[in-house]
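*Asks:* Sequence:
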Amino acid sequence: MGDLTNSDYYSKNQRNDVSSNHEGGFGVSVMELRELMELRGSEAVVKIQEEYGDMDGLCQRLRTSPTEGLTGDDLDKRKEVYGENLIPPKKPKTFLQLVWEALQDVTLIILEVAALISLGLSFYQPPGGDSGESCGTAAAGAEDEGEAEAGWIEGAAILLSVVCVVLVTAFNDWSKEKQFRGLQSRIEQEQKFQVVRGAQVIQLPVADIVVGDIAQIKYGDLLPTDGVLIQGNDLKIDESSLTGESDHVKKAADRDPMLLSGTHVMEGSGRMLVTAVGVNSQTGIIFTLLGAGEPGEEEKKEKKVKKQDGAAAMEMQPLKSAEGGEMEEKEEKKKANVSKKEKSVLQGKLTKLAVQIGKAGLVMSAITVIILVLYFAVDNFVLQKRPWLTECTPIYVQYFVKFFIIGVTVLVVAVPEGLPLAVTISLAYSVKKMMKDNNLVRHLDACETMGNATAICSDKTGTLTTNRMTAVACYVGDVHYKEIPDPGLLSVKSLDILVNAISLNSAYTTKILPATKEGGLPMQVGNKTECGLLGLVLDLKRDYQPVRNQIPEEKLYKVYTFNSVRKSMSTVIKLPDGSFRMYSKGASEIVLKKCTKILNQEGEPRVFRPRDKDEMVKKVIEPMACDGLRTICVAYRDFPGDPEPLWDNENDILNELTAVCVVGIEDPVRPEVPSAIVRCQRAGITVRMVTGDNINTARAIAIKCGIIHPGEDFLCIDGKEFNRRIRNEKGEVEQERMDKVWPKLRVLARSSPTDKHTLVKGIIDSCLTDQRQVVAVTGDGTNDGPALKKADVGFAMGIAGTDVAKEASDIILTDDNFSSIVKAVMWGRNVYDSISKFLQFQLTVNVVAVIVAFTGACITQDSPLKAVQMLWVNLIMDTFASLALATEPPTEALLMRKPYGRNKPLISSTMTKNILGHGIYQLVIIFSLLFIGEQIFDIDSGRHAPLHSPPSEHYTIIFNTFVLMQLFNEINARKIHGERNVFDGIFRNPIFCSIVFGTFAIQIVIVQFGGKPFSCTPLDLEKWGWCTFLGLGELVWGQVIATIPNSKLRFLRGAGQLTKKNEMPGDEDMNEDNEEIDHAERELRRGQVLWFRGLNRIQTQIDVVNTFKSGSSYQGQLRRQSSTTSQNQDVTNVSSPSHVSLSNAHSPTSPTGQC
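Heads up, the sequence shown is in this note's numbering, so the first residue is 5 and it goes up one at a time.
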């Protein structure tokens, strides 16, 4: 189907094209460009030469200029002919579809069926006038009241409440979907791209790019369109997302100029002509094909998972996410983060808990129904010896239906379907608020995982520092200047070389623009380190722009762009006499190693010996670094024009340089960072700095930030030392060695992206602590992708971050600021606490409602709380309570405690104490009212009421007191750590207040005017007063519970642990290995184990025989045997079982000399 729609689209477009070739004057059709983009390598070059002459010819046909870009006057026409750069999103589910999905809930279906049967039977009248007598207790009392006609009300009311529940659920899902789409479009709008229009370089939202645009591409970009390379420097592309090949592909205008959308620029820079956008680009074509076949399949998959027991579904999922390939990355966005969702600690714990409670509820409801039916049958047919009359059957059935409905309501109240709702509301609310705190959350569960974080590995530049680089010191012509010197002090020769080296050997997109506000600082655009160097040129009273105008970008002969391996950048230019000069700049200790000469005071090169290098490191570089300065060395080298050097032979080219100067660049610490780091440390989170900078610079900044304090026992090491410590002789990382390094490590300097990934993986895989470490990582570069993906939560920089980093991250920091991470921690902990508050409240209601309905039904044959009342209680405790308790704003107090960790049970001992304490209070009150309420209030008893009898005042009081107790207990539930003041900060949460008052108002309406549907009869003021008084008792009782110390209640610990064992989300730590193993491999391992067992048995038998033969002590032999078996215990890891076992099979016999 996908192909069909595509071809329709193209045939329609082609008709457009034929006319547009004349009207619009574009010399190329969509189809021609599409065919061109399907070619690769030299084929494409040949095709361009044959069809269009050269790239300029193609640009002319598309009416654009390779240097000046589009003029911008025919943009709409281009969009009409070649399409827009948008891939139409999948249609959201309509409200009706969501309603239909909500109706699939099993408990609701059971209720609907029961309600319909009840409705149908209520209209049946048994024939004959005296049947009332003959059918026994079944019909007694109803007719006297003339109420028989009202029998349908209960069924109708149940149906109505089901409709309410369904609409509320559907509305919640709908708003969640809408929010998520809003978030997606926000993320997409954030993505901008550099395009040349009217000879000006401008930043455009990706959606506004059209065919014919000239786009500037650079390291770290995610290409938004297809295009043909016009000019490139050292360009390497990662095309694995399309081809699956992990090797980076070199691109050059004369060899392989085809650039495809969705691929990542890993190195270099260049300019490309946009040739296909939106659905015509390579990613677009794949998306349209996927879009056609996917929704159906995806739903099928989801249904399959839903059908399984919730717990099983949870364990099934990680297998999929563990092996998710590159293609899934693309779908990740569309699938509303399904693949990541399964890892969420909280979701896992909650699913397990919900399943457990549900099962318990099911058992309780089944027992309730069985007891009711048996009691009725025994009472009527055995004790009173009534015959079963055919005309009475519908009445008996009506009774059974009533029992069934009571059973179902027990189940409805027991199943906490509000849990997922509470999580969703809490997360959605947090995500919305986190936007204001500069956290753009891409994966919902990242927000909650962040609350459990125990370690943060942060970049230095831009996160802990302001990322505003200024040159403050330099070493030129044998003199170390502590501040920028007057240009008169430097020789003209040195100054010229320095200005040229900095102006030409930096990205031409890096500029310093005048300040926007008066008295403000000049604006730095592009790479901030290069901005610092350009600032140095301006401080030396020179200008870089005329130098660049003289040698424009396309005249640069060869560029070796900066990457994490080189740690330097070099640019080659051709001089007028035909020779070449290469300018180089980079990390000072790396570039200085390659220098053999240095410019003296006159600007003439002199020999630079290893001894001089060591002295320079000691006297210039280390003092600068200890002041927290980043040191950059600028150098150059001249090459003869004939013979031309082999530019690809990088090691020979980037050698024998002449040093010009060393610059010290300052990047001040952000003023708010030190206090943010103190808050982290107080909250039990270790902050580590991972930077590419020099070790001394890194240490100085770490001290300024407060990551390390002089006199403490910590490690500050560089990448080389780190690798030496954690790798064995073969160069493999060993977890034991890693465990000796990471706990004390605070600063890792001169680290490569691989080091960062290794560190994160090492911390996560470590078993040193009881709890598995939860690691958050910040990153901005393309090569940070693996570390961001590996971490539990990856933060990408919104301003300095590359598209690749953003794609791999979970949260984007829109202000690149470390203190925003602390806010994320606060929100994450708040989510966890909100869910715990809700759980404490809900479980109290659950326990009480289920016990009341169950015992009430067993003793009085009728639940004191009717089906419709139960559904109202369910609505209060599910939807309303989740809204009220899940929207509590976070407080600083959340950062005063250690992280909970992954294995901590969801229900703490304090919460268990509260649940049991309040449960006991409520049960005592309700049973007192149920059994002696009529004597206390001097009213008629409501017990043993016949079918269809009018509501009694007695049962109305019970219902009203029950609801009011829940309302006041909701206030108690706001605190879960045993705090006394439950009203603390209650007015900061308007949602909570409005829900409590709103619920109270609706309760008054239900009791006073609910009548028959709600089985209520109006109460007078005195009785309302008593009900409210009993409700308020909850708050007083809450204080009593708070005074009981947990230590006195030993059994609570067990109660907390109970959930712990079963609740772990597939116990990630233990299953880490199993996740990777598929069933086939498990079978294989089982085979290995059996094979070993068999061999062991044979071995034992041989040993016994041998021992008897040799007559040596049987005991000694057995002892030896046991040691061998212990070696074979861990058999699953052995690769070649036969060989190992056979050698073992002989080993025990060899000491005796017998074979």
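Since the hints were made in silico from the structure, they are not lab data.
Heads up, some of the hints might be wrong.
With beta-carbon atoms standing in for the labels, derived distance ranges [what the hints assert, rightly or not]:
hint: 1; residue 1: P209; residue 2: R728; range: 44 to 52 Å
hint: 2; residue 1: V382; residue 2: F175; range: 44 to 52 Å
hint: 3; residue 1: K436; residue 2: D1024; range: 42 to 50 Å
hint: 4; residue 1: I863; residue 2: K97; range: 28 to 36 Å
hint: 5; residue 1: G57; residue 2: A256; range: 37 to 45 Å
hint: 6; residue 1: E733; residue 2: K436; range: 30 to 38 Å
hint: 7; residue 1: I863; residue 2: V1044; range: 43 to 51 Å
hint: 8; residue 1: V682; residue 2: E619; range: 55 to 63 Å
hint: 9; residue 1: F718; residue 2: E619; range: 24 to 32 Å
hint: 10; residue 1: A256; residue 2: L100; range: 51 to 59 Å
hint: 11; residue 1: E619; residue 2: R731; range: 28 to 36 Å
hint: 12; residue 1: K440; residue 2: T520; range: 53 to 61 Å
hint: 13; residue 1: K97; residue 2: E733; range: 37 to 45 Å
hint: 14; residue 1: E84; residue 2: E42; range: 22 to 30 Å
Even for Gly, the Cβ is constructed at its ideal location relative to N, Cα and C.
*Asks:* Against this structure, judge whether each hint is valid.
*Replies:* Here's how the hints hold up against the structure:
1. P209 x R728: 44 to 52 Å: holds, 47 Å
2. V382 x F175: 44 to 52 Å: holds, 46 Å
3. K436 x D1024: 42 to 50 Å: Holds - the Cβ-Cβ distance for K436 and D1024, about 45 Å, lies within 42 to 50 Å.
4. I863 x K97: 28 to 36 Å: Taking Cβ atoms as reference, I863 and K97 lie about 46 Å apart, which means the hint is violated.
5. G57 x A256: 37 to 45 Å: violated, 19 Å
6. E733 x K436: 30 to 38 Å: Given range 30 to 38 Å: violated, Cβ gap about 53 Å.
7. I863 x V1044: 43 to 51 Å: For I863 and V1044 the Cβ distance comes to about 29 Å; the hint is violated.
8. V682 x E619: 55 to 63 Å: Roughly 40 Å apart at Cβ, these two residues miss the hinted range, so it is violated.
9. F718 x E619: 24 to 32 Å: holds, 30 Å
10. A256 x L100: 51 to 59 Å: Given about 55 Å between the Cβ atoms, the range holds.
11. E619 x R731: 28 to 36 Å: holds, 32 Å
12. K440 x T520: 53 to 61 Å: Roughly 24 Å apart at Cβ, these two residues miss the hinted range, so it is violated.
13. K97 x E733: 37 to 45 Å: Since the Cβ atoms of K97 and E733 sit about 58 Å apart, the hinted range of 37 to 45 Å is violated.
14. E84 x E42: 22 to 30 Å: holds, 24 Å
Of the numbered hints listed earlier, those contradicted by the structure are 4, 5, 6, 7, 8, 12, 13.
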